[in-house]
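K.L.:
Protein chains in written order, with the working numbering: chain A, 185 to 521; chain B, 185 to 521; chain C, 185 to 521; chain D, 185 to 521; chain E, 185 to 521.
A hint or two may mislead.
The list cannot tell twin chains apart, which means a pair is met if one copy fits it or any two copies do.
Claimed, not checked - In silico EDC-like pairs for lysine to aspartate or glutamate, Cα to Cα no more than 20 Å straight-line:
{"hint": "1", "residue 1": "K188", "residue 2": "E309"}
{"hint": "2", "residue 1": "K417", "residue 2": "D246"}
{"hint": "3", "residue 1": "K314", "residue 2": "E354"}
{"hint": "4", "residue 1": "K417", "residue 2": "E354"}
{"hint": "5", "residue 1": "K366", "residue 2": "E354"}
{"hint": "6", "residue 1": "K366", "residue 2": "E280"}
{"hint": "7", "residue 1": "K310", "residue 2": "E250"}
{"hint": "8", "residue 1": "K288", "residue 2": "D249"}
{"hint": "9", "residue 1": "K417", "residue 2": "E245"}
{"hint": "10", "residue 1": "K278", "residue 2": "E213"}
Source of the hints: derived by calculation from the structure; they are not laboratory data.
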Amino acid sequence: MSEKRFFHVGPDGSLRQVPSLDELLRAVEGGGYAWLEFFDPSREDLNPLVGALGVHPLSIEDCLDENSVPKIDDFPTNTFVLVNGYRILDGALKQEEIDLFLGKNFLITVSGCHGGTLRFGERVEKLAAKDPAALRQGPDYLLHVTLDYVVDSDVEAIESLQDVIETAEEDVLASPYNFDPKAVMRLRRDLLILRKSLFHSREVLAKICRKDSPFVSDHSIYHFRDVHDHLTKYFEIVEICREMITSLMEMYLSQVNNRMAKSANRMNASVRRLTMITTVFMPLTLLAGIGGMSEWSMMTGPSNWKVAYPAFLIGMAAIGAISYRLLRRAESRKPGK
Amino acid sequence: MSEKRFFHVGPDGSLRQVPSLDELLRAVEGGGYAWLEFFDPSREDLNPLVGALGVHPLSIEDCLDENSVPKIDDFPTNTFVLVNGYRILDGALKQEEIDLFLGKNFLITVSGCHGGTLRFGERVEKLAAKDPAALRQGPDYLLHVTLDYVVDSDVEAIESLQDVIETAEEDVLASPYNFDPKAVMRLRRDLLILRKSLFHSREVLAKICRKDSPFVSDHSIYHFRDVHDHLTKYFEIVEICREMITSLMEMYLSQVNNRMAKSANRMNASVRRLTMITTVFMPLTLLAGIGGMSEWSMMTGPSNWKVAYPAFLIGMAAIGAISYRLLRRAESRKPGK
Amino acid sequence: MSEKRFFHVGPDGSLRQVPSLDELLRAVEGGGYAWLEFFDPSREDLNPLVGALGVHPLSIEDCLDENSVPKIDDFPTNTFVLVNGYRILDGALKQEEIDLFLGKNFLITVSGCHGGTLRFGERVEKLAAKDPAALRQGPDYLLHVTLDYVVDSDVEAIESLQDVIETAEEDVLASPYNFDPKAVMRLRRDLLILRKSLFHSREVLAKICRKDSPFVSDHSIYHFRDVHDHLTKYFEIVEICREMITSLMEMYLSQVNNRMAKSANRMNASVRRLTMITTVFMPLTLLAGIGGMSEWSMMTGPSNWKVAYPAFLIGMAAIGAISYRLLRRAESRKPGK
Amino acid sequence: MSEKRFFHVGPDGSLRQVPSLDELLRAVEGGGYAWLEFFDPSREDLNPLVGALGVHPLSIEDCLDENSVPKIDDFPTNTFVLVNGYRILDGALKQEEIDLFLGKNFLITVSGCHGGTLRFGERVEKLAAKDPAALRQGPDYLLHVTLDYVVDSDVEAIESLQDVIETAEEDVLASPYNFDPKAVMRLRRDLLILRKSLFHSREVLAKICRKDSPFVSDHSIYHFRDVHDHLTKYFEIVEICREMITSLMEMYLSQVNNRMAKSANRMNASVRRLTMITTVFMPLTLLAGIGGMSEWSMMTGPSNWKVAYPAFLIGMAAIGAISYRLLRRAESRKPGK
Amino acid sequence: MSEKRFFHVGPDGSLRQVPSLDELLRAVEGGGYAWLEFFDPSREDLNPLVGALGVHPLSIEDCLDENSVPKIDDFPTNTFVLVNGYRILDGALKQEEIDLFLGKNFLITVSGCHGGTLRFGERVEKLAAKDPAALRQGPDYLLHVTLDYVVDSDVEAIESLQDVIETAEEDVLASPYNFDPKAVMRLRRDLLILRKSLFHSREVLAKICRKDSPFVSDHSIYHFRDVHDHLTKYFEIVEICREMITSLMEMYLSQVNNRMAKSANRMNASVRRLTMITTVFMPLTLLAGIGGMSEWSMMTGPSNWKVAYPAFLIGMAAIGAISYRLLRRAESRKPGK
């Protein structure tokens, strides 16, 4: 998948591919500037840049490293810019690294390492075809074009994250039991990574706008300021997303607790009913059992049943009514402590 | 709905509408300054400004973009100011964008894009009628008038949010079951958006007050400082609202938990009563059952019932009293672990 | 209630009331400086200051506005200082605004608007009587006297808030059911308002100490630094109060949950007892019922009761013991899942 | 308890106590410098310093005030340094104030006010005996010695707080019921007070290291930097303690909830068992009751019992088995809603 | 375990061990520079550096102290750099201190105090063998080599912490009962310690990159910037870990509450079933008991059983059906309050 292409941008803004680095250097001597596009390069691909264009070996290391933090480093012959691009792959945030070297008459773009997919070729060629005057402005303008492309492709990832949060929010409100805390946890981490990366990327752009690099001309500052503004906007969106995640967890917790409170309330009613029934009927059942003994019949005598039986029933009804009353009164008193 | 109007403010502060941009440019050459009012303009409406007044194409992009973050950008011929206005529409915060271009002798106001409703026409015309001397002070004074108008209309939105929070607060205290967490979540997001937007707007005003723009004169600084103070005040109010939302969620959670604790307490009392009744009467019922068997009558003998029956009853009462005592003692011991 | 008084402080530090603004201006021309004291003034009272002393109309607006944020603004002829004072009224924090204009030879104090109660008259007259040399130091010293008075009266409000928090803390610990979340919520808001106001007031004092105003002399800086230190101290106290409120809410929640856990534990014991009793006695009662049927007597035969009845009872006791054992074992096993 | 002592440090570093301030001033004129040690002084003790050494009256106020925030103030003749020392008294943090005045040829140390216990005498005298060359370096070195002593005695307080937190942590893990939220709340406040005080003290030291005071020589900066590093270390420890307290509260809450969940689970099992038993045996008991009526015997006829009784028992067993089955099935279905 | 070795790096980059400090100083006079490697040194080992190389006694103290905060201090003859290294030992974070003194022609490395294990010998000797030109660049390059080694060995500790968090996360999701809050609490503290230490280390590197030390040459700045970038990356990872711990606790709490809610729901269903059964069968059992009394048989008469018995059974069925209906209706009504 590794690929390297060398382009010469003529003084008239024409874009022409040349076969080798040596030829590119010769072409640049006659005017215009060079664009070196690397996609998923090996160390061997990048090493020649040290001698030919004064790239620092540490910058080569940075290109090949994973998970670097966005930064801008000035070197005598070039300014090294490292920014991140973002994609959503299978619901998870994928971060990739873009390394850019801006020199007096060259721009080196390195992308696609560690599974990255961003390529600048098509975009730049389309621009060259549509508006050659634009490319003529120099390698710093081309740098802006690549940064702009990175920022444009970030939008999709950020909007996708926003959608995920909104869906999770609706899920929680529909039923707290459908809620997947693992997904929210992953989202939270993704958002923090995004926030930190955007923060550092914005710092990088702020430094370019402050003309920290001698290879950035005055008229292209406006364009970098525009990229900076986009990053600021994304940063604010991510902050809002983070606040929403916090709200989400709180809402989830409150939903669960609320359901638990309602459940407890309903159970309370059931238990009260159960206690009521048991309290009223248990003593009566005992009495009926006692009345069922032969001795009772013997006591009342076989002929007295016309008095004894109704009296017994009335007594039971009275006892039932009294226990019902007592229980009611006990229930209505608030339990202390 | 798109609308564009061109005004010439004469050296005497008189406001006069002119039909076209060309005529306006000619009028300005003779003194005074220009005010260009755009409401919901298309790209075609704004493009002529690039050539005629030196507006940067990126600023035009900013005017047409949605959800931009407030900012101030200096360009050779003008200072571009982007601020936000707020309205409450159907209970939700609506944010709109106002774009202002301040030049040496012109002010361009762009509003109404993406569903915004703020219009400056009426306000400025009223001022021109009431106090022509005011307008004479220059385009920077007119800029202050528009910013002041934006800030004035924000008050309503902020007060409306405060009302919503106070209502939610009363709802939670009245009954936690009436509480709508979704509404609070939306409110939280709105407040964060507002906070971030006010923060950036305040930064913009602070930069104007620090005279970052060459088109702002010394005597109008006092007016911009006043706008800045208003934004600071709104910012603090929003911060207090955010704190109240946090309190609200905590209070809601504590209310729910408190009710749950009370419910558990009441149920506890019911269950204890149930256990008591069951423990006392179940053994007695069993005994009555056993006594109900013919074998018992046979054992005691048919003639001994005068002794056997009372003895049986007394035995039952004794067992009942003992189990009641035992249970009481067991209950009073704190359950370990 | 509106009141205005004009004082001339002679070069010897003597304090003399003069009837009108005109007379005051004439007196000042001869040396010394002017003190203009306004209490709850109307716009008409303040407007003459614009012409006579160069007060900016926007400052007049600030005096009449409500809920302004503390600030310091420099104008050509005066420095406008806006600070807040605090009182506790019916348990709630009342914030009032104090506006001060310091010029080369005048000090204007405005207080009492929107229900404020702070008055400087008595304090200054007492000082003038006790130590005339102090007043001689100039209007900046008098400014310090008024600020010092404001800060002194804040102490009471802050100590009162501290008391409220400590009482709430004891209430929560005594019984979580006595806790009033509404009061805590109000307290929280009051503390945040206080924190923000103190923060801005401290900034104002820091600016005075940095000699941002040309009307403050070197030797009075020490006094303003002292006011600044007091505000810092109050600010830290308010921060500590805020932390205590957070602790309080957490403690309340933990108290409620702890009680709930204890309640659940006690209920658990009751339910286990109930299950035990029911499990042991229900089968026995059934058996006694079955044994109570005539068929049983028929089966065992009327004469076999001496064997059948004890056997029946022993069988019941055995079944009871077995179910008790089984239940114990089941209970001791931890419920899975 | 009030005590004041005056020392003259000779040009050779010798430490000699002199009886009065006047004598001290005379001694200093001949070279060396003065050290004035005050412990719990009254206003009368300190007032003479105003005239004799140019101490500002406001600094005297600061010495006598309680709970001042650490600070450094420059005056024409001296630099006033206010720092805090800490002790643990009866488990609670006690904060005390140390006031230091550094002049060209004098150092005033004030401690012991409002119940403070720090005394510098012994330490300095020991140093003077051991290493006279050290004292010779000037009053700024002596200032460092006192600050170093304060910082050294803080260690004990900080380590004691760490111990308290670790004990609380073990308590919570052993049993959440032993946990004392009041103690944690007090600890939290103590830690916040400590944090704020250390923050301001560190600022004071940072200012000394930046040579804000003209009375601090270059070679003693290294020593103040060392004090600053110690304060930074304590500050970080306090931050970690604060984080641990937050963890502790969360852990406590989670422990309580976890126990509650386990308790609910166990109760659930009990209730299911109870329901099972009741559901199976209640209908059977009813049947046995119905079977116990004489009418049943009449229906089956006295001689048919050999068929009727076993059939009745088999029917009961069948009904019992069926209700058991039905209940099992009902239980295994997840309760909806 | 204490060990000290002296090396002379010749002008050609050759590394040669010399037996004593004196010999080393003589060798350096002839060009090249010195490297003094101390591992777990005693005070006696370090004291000679004060006289020989101008090391400040306070720096010696710092080397021997425990738990110092990373810092950089400039002294006339050397720059003192203190950083931390990290290891995971038995699942807990171990922090160790590395002290470095960079002079014009020497580098002193001190490590291994208080149980530290980092040694630089092997690494430097390997480098000297592989690339002698590298060492030739001076002591500042050697400083970079040691810092780089420290940072490289940190990676392992950080990755190990990440693993622990991910395992804990999976544990919580698998079953909240397996979760060990104590481990999380320890992790949290470790992460905070790490965060603070990395923060200060990064500050140290930032100061080196800003050329605060006169002993750092321009061309080695790039290398220190690289170390700085690594620290920034670790810092961000630690921040993300901290956020994940917070998520973890929230998730744990929500899991526990969710289980509790489900448990409550299931119990609710059981209790409702129990209440239903009891309500339906208790009255019937009572009736059967009453029907079991001889008096009933007497009332209905021995010959009327053909009517009385079915009528009795039908009546019981009717009563059962009615109580079932009534209970259903009561249950379906939402319990108020």
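K.L.:
Compare the structure with each hint and give your call.
P.N.:
Each hint tested on the structure:
For a Cα distance limit of 20 Å, the shortest separation of K188 from E309 inside one copy, 15 Å, qualifies, whereas the shortest one across copies, 38 Å, does not. Proximity of K417 and D246 under a CA criterion of 20 Å is satisfied inter-copy only: 12 Å between copies versus 27 Å inside one chain copy. For the homomeric pair K314 and E354, neither the shortest alpha-carbon distance inside one copy (45 Å) nor that between copies (53 Å) is at most 20 Å. With identical chains, the CA atoms of K417 and E354 are never at most 20 Å apart, being 25 Å at best within one copy and 35 Å at best between copies.
Taking the shortest alpha-carbon separations for K366 and E354, both the intra-copy value of 16 Å and the inter-copy value of 9 Å come in at or below 20 Å. Taking CA atoms no more than 20 Å apart as the test, K366 paired with E280 passes in neither setting, with 24 Å inside one copy and 35 Å between copies. Within a single copy, K310 and E250 get their C-alpha atoms no closer than 30 Å, and across copies no closer than 26 Å, so neither meets the 20 Å cut-off. Taking identical chains as interchangeable, the C-alpha atoms of K288 and D249 are never at most 20 Å apart, the minima being 26 Å within one chain and 33 Å between chains.
Within a single copy, K417 and E245 get their C-alpha atoms only as close as 31 Å, which misses the 20 Å cut-off; across copies the closest is 15 Å, which meets it. Taking the shortest Cα distances, K278 and E213 never come within 20 Å of each other, neither inside one copy (40 Å) nor across copies (56 Å).
When each numbered hint is compared with the structure, violations occur for hints 3, 4, 6, 7, 8 and 10.
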